[in-house]
Amino acid sequence: MERAIVPPVPDAAQAPAPVLEIRDYTLGYNTPAGRFEALKSIDLQVWRGPTLGLVGESGSGKTSLAWAIMRYLPENAVENSGTIELSGENLRAKSVPEILAIRGRRISMVFQDPSTSLNPAIRLGDQIAEVLVQHRGLTLKEARGEGEALLARTGITRPADMMLRYPHEASGGEKQRVVIATAFACNPELIIFDEPTTALDIITARQILELFGRLRDETGVTALYISHDLGLVSRIAQDVAVIHDGVIVERGSCASIFKAPRQPYTKALLAAVPRPDLRIAPPAPDASAGDLLSVEDVSVNYGNAPALLRFLSPPRADAYGARSVSLGVRPGEILGIVGESGSGKSTLAKVLVGLQTFEGRLSFGGRAFTSRRMIDRDYRRAVQIVFQHPDASLNPRQRIGTILSRPLRLYDLVPPADIAARVRALLEEVLLDADFAARYPHQLSGGEKQRVAIARAFAAEPSLVICDEITSSLDVSVQASVARLLIELQRRTGTACIFITHDLNLVRQLAHRIAVMQHGKLVDLFDIADVTSDARDAYTRSLLAAVPIPFDAETDPVTSEAGAGNMP
Amino acid sequence: MSELIRTPPGAVGALLLALIIVAVLFGPLLAPYDPQTFYTTVRLQGPSADHWLGTDQFGRDLLSRLLHGSRATIAFGLGATGLGVCAGSLIGVSAGVAGGWVDSIIMRTLDGLLAVPDLLFTLLIVTMLGGGTGHAMLAVAVAFTPGMARIARSSVLSIREREYVLAAVARGESQGYIILREVIPNAIGPIVVEATIRVSFAIMIGATLGFLGLGAQPPSTEWGLMVAEARQFMFRSPWGVAVPGLAIAVAALGFNLFGDALRDSFDPRRRR
Amino acid sequence: MSPSYLARRLSAVLLVLLIVTFAVFAITTILPGNAAVMILGEYATEDQLLALEQRLGLDRPWYVQYLSWIANILQGDFGMSLRLSLPVSEVVGDAFWNSASLAVTALVTVTVIAIPIGILAALKRGTIADLGISLLAYVGTAFPEFVTATLLLVFLAGPATGFFPAGGFVAPNESFAGFVSHVVLPAGTLSLILTAHIARQVRSEMLDVLGSDYIRAARLKGLRERTVVRRHALPNSLAPAVAVISLDIGYLLGGIIVVEEIFAWPGLGRLLILALENRDLPVIQAITLLLATVYALSNLISDIVIAALDPRVRYE
Chain A
23 MERAIVPPVP
33 DAAQAPAPVL
43 EIRDYTLGYN
53 TPAGRFEALK
63 SIDLQVWRGP
73 TLGLVGESGS
83 GKTSLAWAIM
93 RYLPENAVEN
103 SGTIELSGEN
113 LRAKSVPEIL
123 AIRGRRISMV
133 FQDPSTSLNP
143 AIRLGDQIAE
153 VLVQHRGLTL
163 KEARGEGEAL
173 LARTGITRPA
183 DMMLRYPHEA
193 SGGEKQRVVI
203 ATAFACNPEL
213 IIFDEPTTAL
223 DIITARQILE
233 LFGRLRDETG
243 VTALYISHDL
253 GLVSRIAQDV
263 AVIHDGVIVE
273 RGSCASIFKA
283 PRQPYTKALL
293 AAVPRPDLRI
303 APPAPDASAG
313 DLLSVEDVSV
323 NYGNAPALLR
333 FLSPPRADAY
343 GARSVSLGVR
353 PGEILGIVGE
363 SGSGKSTLAK
373 VLVGLQTFEG
383 RLSFGGRAFT
393 SRRMIDRDYR
403 RAVQIVFQHP
413 DASLNPRQRI
423 GTILSRPLRL
433 YDLVPPADIA
443 ARVRALLEEV
453 LLDADFAARY
463 PHQLSGGEKQ
473 RVAIARAFAA
483 EPSLVICDEI
493 TSSLDVSVQA
503 SVARLLIELQ
513 RRTGTACIFI
523 THDLNLVRQL
533 AHRIAVMQHG
543 KLVDLFDIAD
553 VTSDARDAYT
563 RSLLAAVPIP
573 FDAETDPVTS
583 EAGAGNMP
Chain B
8 MSELIRTPPG
18 AVGALLLALI
28 IVAVLFGPLL
38 APYDPQTFYT
48 TVRLQGPSAD
58 HWLGTDQFGR
68 DLLSRLLHGS
78 RATIAFGLGA
88 TGLGVCAGSL
98 IGVSAGVAGG
108 WVDSIIMRTL
118 DGLLAVPDLL
128 FTLLIVTMLG
138 GGTGHAMLAV
148 AVAFTPGMAR
158 IARSSVLSIR
168 EREYVLAAVA
178 RGESQGYIIL
188 REVIPNAIGP
198 IVVEATIRVS
208 FAIMIGATLG
218 FLGLGAQPPS
228 TEWGLMVAEA
238 RQFMFRSPWG
248 VAVPGLAIAV
258 AALGFNLFGD
268 ALRDSFDPRR
278 RR
Chain C
-19 MSPSYLARRL
-9 SAVLLVLLIV
1 TFAVFAITTI
11 LPGNAAVMIL
21 GEYATEDQLL
31 ALEQRLGLDR
41 PWYVQYLSWI
51 ANILQGDFGM
61 SLRLSLPVSE
71 VVGDAFWNSA
81 SLAVTALVTV
91 TVIAIPIGIL
101 AALKRGTIAD
111 LGISLLAYVG
121 TAFPEFVTAT
131 LLLVFLAGPA
141 TGFFPAGGFV
151 APNESFAGFV
161 SHVVLPAGTL
171 SLILTAHIAR
181 QVRSEMLDVL
191 GSDYIRAARL
201 KGLRERTVVR
211 RHALPNSLAP
221 AVAVISLDIG
231 YLLGGIIVVE
241 EIFAWPGLGR
251 LLILALENRD
261 LPVIQAITLL
271 LATVYALSNL
281 ISDIVIAALD
291 PRVRYE
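Residue numbers (my numbering), protein chains in the order written: chain A, 23 to 590; chain B, 8 to 279; chain C, -19 to 296.
Each hint should be verified, as a subset may be incorrect.
As the list claims (entries may be wrong) - Under the rule of at most 20 Å between Cα atoms (straight-line distance), these lysine to aspartate or glutamate pairs were calculated in the EDC-like manner:
| hint | chain 1 | residue 1 | chain 2 | residue 2 |
| --- | --- | --- | --- | --- |
| 1 | C | Lys104 | A | Glu97 |
| 2 | A | Lys116 | A | Glu191 |
| 3 | A | Lys163 | A | Asp183 |
| 4 | A | Lys116 | A | Glu232 |
| 5 | A | Lys116 | C | Glu205 |
| 6 | A | Lys62 | A | Asp46 |
Stated by the list, open to error - What follows is a set of in silico ranges between Cβ atoms, one per label pair, in the way DEER data are often shown:
| hint | chain 1 | residue 1 | chain 2 | residue 2 | range |
| --- | --- | --- | --- | --- | --- |
| 7 | B | Glu168 | A | Pro119 | 42 to 52 Å |
| 8 | C | Ala244 | B | Gln224 | 22 to 32 Å |
| 9 | B | Trp108 | C | Ala244 | 46 to 56 Å |
| 10 | C | Leu(-5) | A | Pro353 | 26 to 36 Å |
| 11 | C | Thr107 | A | Ala282 | 35 to 45 Å |
Honestly, the hints are just simulated from the structure, not real lab data.
We put the CB at the ideal spot given by N, CA and C, even for glycine.
Only chain A is shown next, with the shape it has when bound in the complex (with noise of 0.2 Å):
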């Protein structure tokens, strides 16, 4: 309500001056290939309260800006102006030892990765101790104490405990704990979060959200927070500023840039986000067709080598593989397969493309395979499969000319003297131009890879293609066009799709029926109408709950609160 009284600046009258003020902040990078800018003209102003997200695809210099932020900036880094304040004091002109007084101290930062960014031979408890005993000048024996008060604070159930174990002994979500409650142990100025929940999955990652919530709550810390899902930001971040190949294009309140974003980038992103409310999907084919492909009790155990292989390489027990899984796809239907990571819903994308042994049967076109071998070419040639890594799912040596024209050979599709045509034709199919047949994957881009990926397995004229976590590795832009391109697919070949995704608003708005996975096992498999119904398993319902359909304040637990007080 106040908000409206004093713009245009937000928290003007309450704050005299931001925590941090960037102005024309230029960064550029001196390679080989000569000089790379990274940020151009930077203004950027954080204030006491309202969290600002900053949001951007990678290479927009996102991460660039906190390490100039941190003054941690390589050699061939070369600042050509501006001027980076916290409290006004400007950190450019600061000393090296006036610079380690401030970090940890007064600007402190969460990482990505939790399992990086802790030192593997350094016990939790001494890597949050030593924050207190540099800046609060702590004895190491007053540190530990308060180090144990931080981890409860984070909610670690049993803080003395992890106090005295090694990164290696202690789960992702409690790693990342540890690193939050590092961040917060000198009641910082401001906190830079740098995607603090990409590495984690999808329910730990709602947890340290919540986490995060609720820690700047209590404690009214200044954040500034790094992301490239807009999505999560609008969740939890009051003010928004989006950069773009070095560029803030666009900054202002959440509520407005996500109503009324006036930025052709910035469009493009919103719309980028997947939207379970905006379905993408033909409608479901008719469900009394019967099955295509089934999967019977298929189980899958990862623990299975002989006595003395197992003794003298110890295999991994981190996998669960699958457990007696029961399900159908129909023809032409797109089966969703959600889970976290160690679901077994790739080992599942495995089984079904003869990659893995299984106990269990397969049907699939009036026949049953139940092992491995006896899954022969004319069942390969008709269930193919798209992996997730574009950097890897193609060979390098190979032009994409040769990776398009092999299932084209290899199931002997075309006529040999029409390959070509077949090529040029399977390249415009996937909307790239029909000259990249001569080029090798290394020219390429991770979208472009994806889509000769698709391109290959579509090549086969196959009746059932899977895609194994396809968009994951991919930047929100390239991820909307590459799953726009699937399903256009899709539409016109009418193949089936079995589309695993650990993506749950991704898959909600191009999946017809979903399954989800936990531990190996099958646990619940609904229509995509159903996915609200009473009748989802409980698992089922903390997967929804922990990813809210974006923009929607009403499904959104976690910046209720903070939020409310900045709407208009």
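Following the hints, put chains B and C in place on chain A, whose structure we already have.
Just chains B and C now, kept in the frame of chain A:
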């Protein structure tokens, strides 16, 4: 290639290799004297205008002997490594492709062989076969095989899990196509790097065998043998041992530097 | 470290040694030129050969020979030296300790010099100091032992300088000063190539550690560079350094053969060369087994040290 010589080690390595290649190809043409002729008036001399690198105990010109000997020395390094790499890669690739208990047995056997130091292994085999260049080369090749097999296998194993190989398997490609067209072309990088670095070891071991009298035999101008022959007179004229000794080091250094530069160019993590 | 980890490592060592016995037996028995031919020379008569083969038990099937050989070794009986007419264990015993004194001296020297140098080079990356160390390391690895040894002899033990004796051995318990003056050149020869190699490896391991996310995180906590290096980087680079040294022990054991021969050091290496010249098979077999055992055990010890240094391995 231009990327290879951009770094200082790569550039120096390439320079040294170029020097060695010139010596190997044109050595006999460039040599100012006959390597076997005794010039008895100029025995055990230091460098002079007539004999740039001095002379040995029989008055033979050291530079000429060095240039002629480059072939024996380098050929030994390349030959022994080549044989070892081929045998090792074959074993390693087979083990990696076969997997299961075949792989386990092969790998445990190689572990056992790797516990015998290379030089000791070589000495054993040379002794049993009888000395001489051919047997020495074979012995070094055998000693290199286990190490090369390990590298080839780990390279194949890492490639085999790549998604493009999985895609080929899922497609139903033949085993032969997958190994020859998908796996090997991509697994070859680490093998080539290791092979280049091993040439320098092979040169050093070959020279050591020559020195011990188990490799090249007189009147060969192999560099290790040259050091051995000059040892008797080393206090009167250190040039006789220093010249071929340094030549061995230069050759080893060249292959070593070049191999490291090659490794860096293959490893995107180290490429800057 | 769990007992099962230790049991697994120990059984791996035993397996390695079993394979080594087999390989040594195969090389010395099955390859052309069996013992009888080698001992009697090419011109021996059929009858002489047969008689000797019978005496040596070479007329039995190979697996019987192998098993009886192994059985004897397990009882500490390596047979009789064919040349010296003494039990092999007696011949090898003294030589083993002489070699050990040289190897340990070299190893300690290398460890004390190479690890700090490697770490220093990594910390000073890109400076003149780093460039100098890297350059010397490259050059050092290119000199085979016999060249280094010969050059050291010429320049430090020749009549012109005569700083050190040109060869020979004095036991440390007889005269420690004598031992030191005799050990400097051979240990120095062995140390040069190993120091160069290990320093280079340690540098690259340390660079990997310094480039890791957790070092960046430590710096961004505002810790002083000294603390970052001492508490965060060094502990993580020690385990890889130990692994590098343990692998190079194999190289050391090969190099010692040549160095002992050149400096007339009465150890296993010199004995081996003598045995090879005389085709004294029992001695050759015993020395090869002994060196392989030392190497396998040193790998085992280094695995245990690594487990003690690295918490991730400790709990496997």
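Okay, the hints, checked on the actual structure:
Taking the CA atoms of C/Lys104 and A/Glu97, the gap is about 14 Å. The hint holds against a cut of 20 Å. Distance hint between A/Lys116 and A/Glu191 is unfulfilled; the C-alpha atoms sit about 39 Å from each other, more than 20 Å. At roughly 16 Å between alpha-carbon atoms, A/Lys163 and A/Asp183 fall within 20 Å of each other, so this suggested pair holds. Proximity of A/Lys116 to A/Glu232 is assessed by CA-CA distance (about 35 Å); at most 20 Å being required, the pair is judged violated.
Annotation: proposed proximity of A/Lys116 to C/Glu205 holds, straight-line Cα distance about 17 Å (limit 20 Å). With a C-alpha separation of about 8 Å, the suggested pair A/Lys62 and A/Asp46 falls inside the 20 Å cut-off, and the hint holds. Take B/Glu168 and A/Pro119: their Cβ atoms lie about 48 Å apart, and the range 42 to 52 Å holds. Between C/Ala244 and B/Gln224 the beta carbons are some 24 Å apart, a value that agrees with the proposed interval 22 to 32 Å.
For B/Trp108 paired with C/Ala244, a C-beta distance near 49 Å keeps the hint of 46 to 56 Å intact. Take C/Leu(-5) and A/Pro353: their Cβ atoms lie about 55 Å apart, and the range 26 to 36 Å is violated. Separation of C/Thr107 from A/Ala282 is about 55 Å and departs from the stated range, judged on CB atoms against 35 to 45 Å.
In summary, the structure is inconsistent with hints 2, 4, 10 and 11 from the numbered list given earlier, while agreeing with the others.
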